[in-house]
Amino acid sequence: MTKLVEVENLNVRFTGERTVHAINGVSFSLGEGEVLGLLGESGSGKSVTLRALMRLLPKKRTVINGSIRVAGRDVLALDDDELSMFRGATVSMIFQEPALALDPVYTIGQQISEAVIRHEGKSQREATARALEMLEVVRIPSAKRRLDAYPHEMSGGMRQRAMIALALACKPKILLADEPTTALDATVQIQILLLLRELQREFGMSVIFVTHDIGVAIEICDRVAVMYAGQIVETGTLRQIVRSPLHPYPRGLLASTTHGAKRGQRLETIPGTPPSLDKAPTGCSFAPRCALAEARCTEALPPAIDVGDGRMARCVLAERIQPASV
Amino acid sequence: MTVITESVLQAAPVTKTRGYWGTVGRRILRDKVSLICACVLIAIFLSALFAPWLGLADPYQGSMIRRLRPIGTPNYPLGSDELGRDMLARLIYGGRLSLIIGILPVVFAFMIGTVLGIVAGYVGGKLNTAIMRTVDVFFAFPSVLLAIAISGALGAGIVNSIVSLTIVFVPQITRVAESVTTGVRNMDFVDAARASGAGALTIMRVHILGNVLGPIFVYSTGLISVSMILAAGLSFLGLGTKPPEPEWGLMLNTLRTAIYVNPWVAALPGVMIFAVSICFNLLSDGLRSAMDIRE
Amino acid sequence: MSEATLPKAMLERIEDFGGAAQPLLKVVGLTKHFPVRGGLLSKARTVRAVDNVSFEIAKGETVGIVGESGCGKSTTARLLMHLMTRDAGEILYDGMQVGRALSLRELRRGMQMVFQDSYASLNPRLTIEESIAFGPKVHGMDDAPARKLARELLDKVGLRPETFANRYPHEISGGQRQRVNIARALALSPRLVILDEAVSALDKSVEAQVLNLLADLKSEFGLTYLFISHDLNVVRYISDRVLVMYLGEVVELGPVDQVWDAPAHPYTRALLAAMPAADPDNRTETPPITGDPPNPIDPPPGCRFHTRCASAEPMCSAASPTLTDLDGAGHQAACYMAIPGSGHSRASAAEKAA
Chain A
0 MTKLVEVENL NVRFTGERTV HAINGVSFSL GEGEVLGLLG ESGSGKSVTL
50 RALMRLLPKK RTVINGSIRV AGRDVLALDD DELSMFRGAT VSMIFQEPAL
100 ALDPVYTIGQ QISEAVIRHE GKSQREATAR ALEMLEVVRI PSAKRRLDAY
150 PHEMSGGMRQ RAMIALALAC KPKILLADEP TTALDATVQI QILLLLRELQ
200 REFGMSVIFV THDIGVAIEI CDRVAVMYAG QIVETGTLRQ IVRSPLHPYP
250 RGLLASTTHG AKRGQRLETI PGTPPSLDKA PTGCSFAPRC ALAEARCTEA
300 LPPAIDVGDG RMARCVLAER IQPASV
Chain B
0 MTVITESVLQ AAPVTKTRGY WGTVGRRILR DKVSLICACV LIAIFLSALF
50 APWLGLADPY QGSMIRRLRP IGTPNYPLGS DELGRDMLAR LIYGGRLSLI
100 IGILPVVFAF MIGTVLGIVA GYVGGKLNTA IMRTVDVFFA FPSVLLAIAI
150 SGALGAGIVN SIVSLTIVFV PQITRVAESV TTGVRNMDFV DAARASGAGA
200 LTIMRVHILG NVLGPIFVYS TGLISVSMIL AAGLSFLGLG TKPPEPEWGL
250 MLNTLRTAIY VNPWVAALPG VMIFAVSICF NLLSDGLRSA MDIRE
Chain C
0 MSEATLPKAM LERIEDFGGA AQPLLKVVGL TKHFPVRGGL LSKARTVRAV
50 DNVSFEIAKG ETVGIVGESG CGKSTTARLL MHLMTRDAGE ILYDGMQVGR
100 ALSLRELRRG MQMVFQDSYA SLNPRLTIEE SIAFGPKVHG MDDAPARKLA
150 RELLDKVGLR PETFANRYPH EISGGQRQRV NIARALALSP RLVILDEAVS
200 ALDKSVEAQV LNLLADLKSE FGLTYLFISH DLNVVRYISD RVLVMYLGEV
250 VELGPVDQVW DAPAHPYTRA LLAAMPAADP DNRTETPPIT GDPPNPIDPP
300 PGCRFHTRCA SAEPMCSAAS PTLTDLDGAG HQAACYMAIP GSGHSRASAA
350 EKAA
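Residue numbers (numbering that gives the first Met the number 0), protein chains in the order written: chain A, 0 to 325; chain B, 0 to 294; chain C, 0 to 353.
Note that these hints are calculated values from the structure, not bench results.
If you're wondering where the values come from, they're calculated on a predicted model, not measured in any experiment.
Ideal Cβ placement from N, Cα and C applies to all residues, glycine included.
Just so you know, not all the hints are guaranteed correct.
Claimed, not checked - Listed below are the simulated BS3-like cross-link pairs for lysine-lysine, each with C-alpha atoms no more than 27 Å apart in a straight line:
1. C:LYS203 - A:LYS278
2. A:LYS59 - B:LYS241
3. C:LYS217 - A:LYS261
4. C:LYS147 - C:LYS217
5. A:LYS58 - B:LYS31
6. C:LYS58 - C:LYS25
7. C:LYS203 - A:LYS261
8. A:LYS58 - A:LYS278
9. C:LYS203 - C:LYS25
10. C:LYS25 - A:LYS143
11. C:LYS147 - A:LYS261
Stated by the list, open to error - Some chain B residues close to chain C (C-beta under 8 Å, calculated; not the full set):
12. GLY54
13. ASP57
14. PRO76
15. PHE140
16. SER142
17. THR181
18. GLY182
19. ARG184
20. MET186
21. PHE188
22. ASP190
23. ALA191
24. VAL205
Said to hold, decoys possible - Sample of chain C residues with no beta-carbon within 12 Å of chain B, all distances over it, derived:
25. SER68
26. GLU105
27. MET112
28. ASP116
29. LYS136
30. VAL137
31. LEU212
32. PRO254
33. CYS308
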């Protein structure tokens, strides 16, 4: 499988009043037609990773190290013109709040056709036709009428569909989704997830899907990378992560879910809170909250152990698992 | 973009505890422009305050033969005015009146406007309509015109010009206070306070005041420069201070005839007005960004 | 037990009057309509945020309210707290009518609320200790004992007073802030605590910690909870009974296991089916309902769900069904399909299923 995205030892540091080591040595890859989930809690660096891929982080206050290759190009080396062609045509992004991501003063149709004209140099008529086609693709009812609707005239679910239409208008190879269903109601969330799943198959694109919700990840991802304190602590297929997590953090996370928990019974919890990120980690970031921590966990950064099958865990416990036996 | 960096910051437990104002103070100390402005203002304040003890010449003592001396004349470091009075002494003594009529109206308007604005914003409804519509009436007039009209009606004099400038600023501060209060009033913590049974006065005192004072204060600081210029304008028109009192606006007025003879000396009171107002403006800008701590 | 552990300066607890059989809170016909100003030529419209909602909360019970945005669950909470005036309806606290037998001030001692946004619900200019001590001081406690009480409550919610008492809200994490909000609510020693999406903004691992804390506090202080949430898993875990709301109306209510295992209203069924799967091999394949929840401005006549309901019949848009007992054990639903002999073609079948 060709790798569409290859991130190698990515480090992102926010400078300013306080230094925040947001991403610390993240490496992952994304194959063609694959849906990778970045799963983590707030502050785990999942959104920052996604934004780094598109170079959306504020230039002045961010220091990025490492390498990001998307579709064979070095993203960190792109100049401004290349970057604006790269965004939208190769990679495009959908956000949690479509109300903020869509321009309130243009109609949905104008926004989509503008993107098509800019990236593909189509005529206004062709672009409008594409806009209509895209609204139909995302199953917006009475699409023709909706072309002339402004974002504020649509409900939350419709706006999210419109944003997906805008993101997919130029047939990008990769779609980056930053918690696109978090702000939606449950009955709408499932519709959007199913739509994304369907479109991903139809367009054959690759998706990186950022979420904090394991249930959402289960609905859409093929592979999952679990993030904690700016690092990927475990990568594996969805089934591996959900059925038999290796790292204690995803284990704790799965155990603490309220799904299927008996009333009156105490929930399993992970004690403590995530570490502050004002220093780069020198040991395992999870060790202070980990029941299985050993002395060596805090002494040195645990290596990323490849346990075979493309599965990785950044934990000393994974050493016991023989590669290839899984 | 800020959203994500914030959530990253949020996860970080802070080790040191510092109050809000402590943080603001630390941030403003790091801002060089604000620091310089504050130093300039303090220097002008102190020299005005301690003017009699600085060994200056008598600011009222004129001399018919030493009129309009250029800057740098022996015994007249900043020259002399059209009546041969020492400019340095007059500028420093002039600071006393100028600063008083520049700052006092804003202080009074700050107190009145804050109370009116908080009450209008918190209570809302008909009272809000009554207060804010009255305020709107004052907004119909340009502030310069309004100040001149009120001053003219009350008659010339320092007290009257302070009163008229206060009346000019109250509506502006009220409007700012009202809008900030309305924002804070809808926050959950105000509802939580109401839910714990606190009365309106207690809530305004404990929960509203602390959260709205900052923005109103910043806005008011910015008004000081306007007030100085308006006060100078009133004096210039003969509605404020009367000669021979040293006051920057009045000095500018009386020296304007000398603009062709000795432009540098004639410009000095203007320079003072400019320096003080720009310092207050920059300081209020600095304060605004220092107080803009996003959590 | 709770009396013994609290300091002497603790506020007197609101006495129990009606005994165990008397519901702690009884709500009858609660209604709130917001006028929406129309344009110059269009006529004024109303948002029927809460429409004729009635329910009871027994002493020591946890009642959940679920529903999507715009269903009126948060408005209900604010109406119960008297933070908003209601258009109609009665709220009886332990059998006492507020304003008659029970003053508003007393009610606020007996009923407290925790908000969703942990940050917005704490005054950023007050230290945590000051925020918690504020309520007791309002009710006449001196500063020193109020602060002492605040520190003890901090300890109760799992925050070390010496580290946290003098901090400001922005200096602590979201989970810690929500613990502070819970401590603040408990400072007036209420018997009923309304938790309005209190754990929704928290990360999953923190959410579990706070849910455990809520369970501990409930047994320690003998609390009664009204738990409002959109997360069905959490509601099932924490609640004894549940209300399902749709566009300002209660469409189904009953013991949580009955409602979850045998939902009688099609909306409840759709909500349950819309939960993301927990099993990678058993993903959701078709969306249970299509479309967005409609705007609560001028809701459709009749059953408000009929515009999205697959089994809607003409009678559903003609008149709205009332909440009807299904099994005598408190499970009620407002759907013609669940009401035997209602005339809906699936009425009898639905009855058998229930």
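Cross-check of the supplied hints:
no., hint, in the structure
1, C:LYS203 - A:LYS278, "holds, 25 Å"
2, A:LYS59 - B:LYS241, "violated, 54 Å"
3, C:LYS217 - A:LYS261, "holds, 17 Å"
4, C:LYS147 - C:LYS217, "holds, 22 Å"
5, A:LYS58 - B:LYS31, "holds, 24 Å"
6, C:LYS58 - C:LYS25, "holds, 11 Å"
7, C:LYS203 - A:LYS261, "holds, 17 Å"
8, A:LYS58 - A:LYS278, "holds, 21 Å"
9, C:LYS203 - C:LYS25, "violated, 33 Å"
10, C:LYS25 - A:LYS143, "violated, 50 Å"
11, C:LYS147 - A:LYS261, "violated, 36 Å"
12, GLY54, "violated, 46 Å"
13, ASP57, "violated, 50 Å"
14, PRO76, "violated, 48 Å"
15, PHE140, "violated, 30 Å"
16, SER142, "violated, 32 Å"
17, THR181, "violated, 15 Å"
18, GLY182, "violated, 11 Å"
19, ARG184, "violated, 12 Å"
20, MET186, "holds, 5 Å"
21, PHE188, "holds, 5 Å"
22, ASP190, "holds, 5 Å"
23, ALA191, "holds, 5 Å"
24, VAL205, "holds, 7 Å"
25, SER68, "holds, 17 Å"
26, GLU105, "violated, 8 Å"
27, MET112, "violated, 5 Å"
28, ASP116, "violated, 6 Å"
29, LYS136, "violated, 9 Å"
30, VAL137, "violated, 4 Å"
31, LEU212, "holds, 18 Å"
32, PRO254, "holds, 29 Å"
33, CYS308, "holds, 35 Å"
Comparing the model with each numbered hint stated earlier shows that hints 2, 9, 10, 11, 12, 13, 14, 15, 16, 17, 18, 19, 26, 27, 28, 29, 30 do not hold.
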